[in-house]
Amino acid sequence: MDIQKPKPFRTTDKAHADLFNQVIDQLNTNDESIAQFAAEAEQRSTAYTDRHTSKKDNPHGVTKTQVGLGEVINKRQATKDEFDLHHNDQTRHVTEDERDKWNGSQIFNITGDDGQAKVYISAEDDFQTVLPHYTGLVHFTAASGASNGPGAAVRGIWTCNALGNYGQVIAFDNANRTYRKTISGGNWTEWTELVSVESLEAKLTNLTWHFPTLLNEWVNYADSTKARYTKDATGTVFVEGAIAKGKIGFNIPAFVLPKGYRPSGAFQFVGVASQLGMSNTPQYHRLQVSVDGNVVIENCSNTVNPNEYISFGFSFKAT
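For the sequence shown, the numbering used here assigns the number 13 to the initial residue and increments by one for each residue that follows.
For the record, the hints were derived by calculation from the structure and aren't laboratory data.
Mixed in with the good hints, there may be bad ones.
The calculated lysine-lysine pairs, modelled on BS3-like cross-linking and capped at a C-alpha distance of 25 Å, are [what the hints assert, rightly or not]:
#	residue 1	residue 2
1	Lys271	Lys329
2	Lys76	Lys113
3	Lys238	Lys92
4	Lys329	Lys215
5	Lys87	Lys76
6	Lys257	Lys215
7	Lys67	Lys87
8	Lys238	Lys271
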């Protein structure tokens, strides 16, 4: 904007109206120019301010630290309702009772951290030496052949007092057998195999039969009824068969049972004898089993053919 200076008066000028009018016109022109410039300046200022206000890119580079927000992160924060919902979530949050329960729980491990055996007894180890070092209740495994072990490879449970001198061990092998062993006052028992119904039935029915040597001219009556004996898992001895042709009388044994198959006391047995020559009348004989295992045919009711056929089938508890 160009401001025109009014023409000054001179001392030689005459006071004419046209000179005054020229000055007034110039002043008016200047006023109009000033007003127009001010309006244009205001318009430019408003436009600049509006542009500056609409900018969101922090044109002056102001940092959050400068305005006291240095610890604020630019992430969405939970609402009050969301915060209250989380605060009242008893599934995620541990209550004081739960914390006390956990803090007061037992921290002794029965197994290793992987759930497997805590103690391993190798073939070079001694059961009776290793186990007492682990007091309380412990899961263990042991190799076959370990000293003072049950023989087979086993896994089981050992429980004892704080000193390790009173306790019990139960072990299981891969053949479905169960064993037990006890320490009392520092003294160990032998291993005991626990008998199941199936194993007991097998031991009672899967018998091994033996055939005695017949004496004093006695022979087996037939191959299908040979004299024989056996013993089951309960220690019961079974003797059965049929013999013939031998000598009858006291102290004349027909055969002898070996040690382990003999009674604790002598006993007698009455069995069937041949009725040949006795008009088909049933006959009997009497035998005795002594503590030294002698089986003696003492007498027979058949007076015609007393040794034609002598049968027996008896049992007793062995000593």
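For each hint, the structure was consulted:
1. Lys271 with Lys329: The given pair, whose Cα atoms are some 13 Å apart, holds under the 25 Å limit.
2. Lys76 with Lys113: violated (46 Å)
3. Lys238 with Lys92: Not OK: Lys238 and Lys92 at ~99 Å, beyond 25 Å, violated.
4. Lys329 with Lys215: With a Cα-Cα distance of about 16 Å, the restraint between Lys329 and Lys215 holds, given a limit of 25 Å.
5. Lys87 with Lys76: holds (14 Å)
6. Lys257 with Lys215: Violated, because 35 Å separates the two Cα atoms, which is more than 25 Å.
7. Lys67 with Lys87: holds (22 Å)
8. Lys238 with Lys271: holds (21 Å)
Hints 2, 3 and 6, counting from the list given before, are not met by this structure.
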